[in-house]
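Novice: Listed here are the chains, written in short residue letters.
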Amino acid sequence: MDSAALLKAMKKIVDPDRILHNELERRLYSYDSSFLSVRGRYCPDIVVLPRSTAEVSGIMAFACKNGIPVTPRGAGSGETCGCVPARGGIVMDLSGWDTVEEVDVPNMQALVRPGVVHSRLNEHLARFGLFFPPDPGSTRMCTLGGMVANNSSGMRAVKYGTTEQYILGLEVVLPDGEVIVTGGQNCRSLKNASGINLTKIFVGSEGTLGVITLIRLRVWPRPRARGIAMACFDRLEQAPEAVLDVYRAGILPSGIEILDQSAIAAVNLYRPETNLPPVEAILLFEVDGNPASVEWEGREIEEIMKKNGAAVEWSTDPQRMAALWQGRSVVAAAAARLRPDGTRVFAGEDVCVPLGRVAEALRKIKDLGRQYDIVVVAYGHIGDGNIHTALVIDPDNPDEVARLDRLVDEIHRLAIDLGGTTTGEHGVGMVRSAYSPLEHGNALETMRRIKEALDPRGVMNPGKIYHPW
Amino acid sequence: MSASIKLDAKEEYLKKCVRCGQCRYVCPVLAEAGREPASPRGKVYLAGLLQKGEISPGRQAERILSLCLTCGACAAECPSGLPVDRIIKAARALTAEARPYSPHRLIFRQIFARQHLLGSFPAFAAALKKLADPWLGLAPGKPARSRIPVISVPENRKPRLKVGYFLGCATNHLLPEVALSTVRVLRHLGCEVITPPSHCCGLPLETAGERDLARRLLDENRRIFGSFGLDAVVTDCSSCSHHLTENGFGLHSQPVYEFSEFLAGVLNPPRPSRELEGGAVACHDPCHLRYGRKLGGRILQVLDLIPGIAPVEIPGGSACCGGGGTFSLKHRALSAGILGRYAARIKSSGAQRVATACPSCTIQLDRGLKASGISVCHPAQLFYASYGLSG
Chain G
69 MDSAALLKAM
79 KKIVDPDRIL
89 HNELERRLYS
99 YDSSFLSVRG
109 RYCPDIVVLP
119 RSTAEVSGIM
129 AFACKNGIPV
139 TPRGAGSGET
149 CGCVPARGGI
159 VMDLSGWDTV
169 EEVDVPNMQA
179 LVRPGVVHSR
189 LNEHLARFGL
199 FFPPDPGSTR
209 MCTLGGMVAN
219 NSSGMRAVKY
229 GTTEQYILGL
239 EVVLPDGEVI
249 VTGGQNCRSL
259 KNASGINLTK
269 IFVGSEGTLG
279 VITLIRLRVW
289 PRPRARGIAM
299 ACFDRLEQAP
309 EAVLDVYRAG
319 ILPSGIEILD
329 QSAIAAVNLY
339 RPETNLPPVE
349 AILLFEVDGN
359 PASVEWEGRE
369 IEEIMKKNGA
379 AVEWSTDPQR
389 MAALWQGRSV
399 VAAAAARLRP
409 DGTRVFAGED
419 VCVPLGRVAE
429 ALRKIKDLGR
439 QYDIVVVAYG
449 HIGDGNIHTA
459 LVIDPDNPDE
469 VARLDRLVDE
479 IHRLAIDLGG
489 TTTGEHGVGM
499 VRSAYSPLEH
509 GNALETMRRI
519 KEALDPRGVM
529 NPGKIYHPW
Chain A
8 MSASIKLDAK
18 EEYLKKCVRC
28 GQCRYVCPVL
38 AEAGREPASP
48 RGKVYLAGLL
58 QKGEISPGRQ
68 AERILSLCLT
78 CGACAAECPS
88 GLPVDRIIKA
98 ARALTAEARP
108 YSPHRLIFRQ
118 IFARQHLLGS
128 FPAFAAALKK
138 LADPWLGLAP
148 GKPARSRIPV
158 ISVPENRKPR
168 LKVGYFLGCA
178 TNHLLPEVAL
188 STVRVLRHLG
198 CEVITPPSHC
208 CGLPLETAGE
218 RDLARRLLDE
228 NRRIFGSFGL
238 DAVVTDCSSC
248 SHHLTENGFG
258 LHSQPVYEFS
268 EFLAGVLNPP
278 RPSRELEGGA
288 VACHDPCHLR
298 YGRKLGGRIL
308 QVLDLIPGIA
318 PVEIPGGSAC
328 CGGGGTFSLK
338 HRALSAGILG
348 RYAARIKSSG
358 AQRVATACPS
368 CTIQLDRGLK
378 ASGISVCHPA
388 QLFYASYGLS
398 G
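Quick mapping for you: the protein sequence lines, in order, are chains G and A. For the first sequence, this note's numbering assigns the number 537 to the last residue and increments by one with no breaks. For the second sequence, this note's numbering assigns the number 398 to the last residue and increments by one with no breaks.
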């Protein structure tokens, strides 16, 4: 369809002020955080900003009838090209549709539109003494729609799990424009065993099955106390063992994070006042709950760390906690400091391996970095085996980019070999779709059949998950 | 066409943006516009395309780059440490340079290059008044510069410091009472105040991409102030103070201070004696004071000295008012939207007055708060009243 006809058709559905069609505006919808998104040119033909389910439905019905690809987009903070229009067409920017429709306190749930930013939701819920537990590092930018589409999580997944555990129901516009409500159309219960769980099919579907227009999510009472322990280990292998000892003692911290030697060096270069000790690994534990249990669990963790040969500090003082946590909070930004002329690129950054093989994975990834002569900064959620590898290169150097591609491929294959996955929380998109057959075997075919059943014309976010791009 | 975003030789800045989007969280324009071209990240990406010569610096680029208040919130937030506001200004320079004969550009340059002279033309003063009265809601009197002597000395005592007063354009023409209060308070506190016939600081020009002229004015101002042997240069305008310090105006023997910064950090003034009425005052930290100078909270600190003033907190704290100098003229609906959200918060604070230190913020906030009976003033005016000064 030519662009004038497409524009004319969109103007019949949404306010012209919410349609972007000039070349430069469209190009600003060609990227997310992934390195891949700036290596290709994935420009949409038009961008629309719907603000109602009826508008989304109208756009989908039109697109489906005319075979035009549609890519839903939140804040564009993803790392997989998930919201990048691989085949052009329409991009739906939902980030401005950001109303919290209802906080249903007696029923411990909330109804939100897809553009609500995670931290804004939690600021809103805090007024009611509630919170939404999944906590991505991108809390200040990512939207709830994006979180649901990617089944996001973060540091506190150790205790609280991932987004899917909190989604009670969804309003979804299907690729042909039909609107359905999953999880029971008038349901406000916290459990529901009625029928096939369609909600779970849409969570993590990365916008390939429909457009999420309303989210009914479960909220929890806000913990009243919090404490942080920092443990420093001379040898990397001591750290995963110490984590297992904490679990064996019957303690479930809300977060367990690791910084390896390279991450420690990067943090010290970025913020010298942090002054982290130059050890092989630092573990950070966060414990939350009521004040008495937090204090007891913190002291237990302190003892366990000492027994494992670590130097350890425990605190519940807000200022000291912030200081102890500072290394973890700045490491993502600090990674590029290991190479002043380098840039951190998001590629192969989210593998997740079995708990018992974290140390092995970290060692092997470092070896691969040396083999390909690329700076690798490793940190992440050791409590659930989710390792973030920050790769630092000169993106303008074709030789380095070629080496990066080989390194990333090896990191992804390593994760699968170790019995893990290429992505713990960021998703597949275009970046990891080549590994879908290896990860899922013939289950991938079942995924494709679900996709084809819901989207026979293949208009919903094509080029992601199911087929190598 | 290949272009270059020159930023003190650190051109790799553009490579450092990983498009994480954290800047989206703090950008007032994005919050109102709700679309990627309004985001700081979008404009940095655009600057990269201009830098690589992938796009030409035409009207589309100019329009997108204009969607920025240069408040600096994004630069303070950026995990990669990118000076986002400066990148946007540098990219604007590219688009401006691509249109050397634009009439709009030529007029803009002339106004700011010669504003110190324009005030002496009755026709200009009349035109400004005509514009200011119905539209800005102001009724400025004669420009401050014509009412302030070049040299003001404290009465009956030897000056403790010799300071230069940097009189900004907007204060001079639109809020002359602020300038008069500043000079009189400084003089009352023992300063010999020199108000030389200086030029525009250059910020409006740099913001519009007119970097060469902005630099010329900076050099010229440096020469003018440099000839007086001053202990310090003081300005009551946060934006002038930000621009001058960011560009190394006061590197040598005459550091630049914003008014509240100078009071709190250098003069340590005695507590005034006259109790002020209407004491519920909310402090609005202008973005250039808060992010540019990193002096958030300084206004509150000095107002604490004034008897009768009971500071009230704005729920959620200070935010961008949406003024941004010429931004409010170019993007009236966006500017009004940003102001509307913020004004609602200020109203809910119970404040009877708002104290701030930026003429653009003052005019903008006044527009949003006047109907609610909340007045907007400069700390210098409150000190002036509380010290019981006159003349």
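Bear in mind the hints are in silico, worked out from the structure with no lab data behind them. These numbers come from a predicted model, not from an experiment. There may be inaccurate statements among the hints.
[As the list claims (entries may be wrong)] Distance condition first, Cα-Cα at most 25 Å in a straight line; then the derived SDA-like pairs of lysine to any residue:
(1) A:Lys301 - G:Arg388
(2) A:Lys23 - G:Glu341
(3) A:Lys23 - G:Asp409
(4) G:Lys434 - A:Ser87
(5) G:Lys227 - G:Gly164
(6) A:Lys22 - G:Pro463
(7) A:Lys337 - G:Arg86
(8) A:Lys23 - G:Thr207
Novice: Decide, hint by hint, whether the structure agrees.
Specialist: Verification of the hints:
1. A:Lys301 - G:Arg388: Roughly 23 Å between the alpha carbons, so the hint for lysine 301 of chain A and arginine 388 of chain G holds.
2. A:Lys23 - G:Glu341: Answer holds: lysine 23 of chain A to glutamate 341 of chain G is near 23 Å, not above 25 Å.
3. A:Lys23 - G:Asp409: 9 Å, holds
4. G:Lys434 - A:Ser87: 23 Å, holds
5. G:Lys227 - G:Gly164: Given pair lysine 227 of chain G, glycine 164 of chain G is violated - Cα atoms ~31 Å apart, limit 25 Å.
6. A:Lys22 - G:Pro463: 8 Å, holds
7. A:Lys337 - G:Arg86: 19 Å, holds
8. A:Lys23 - G:Thr207: 21 Å, holds
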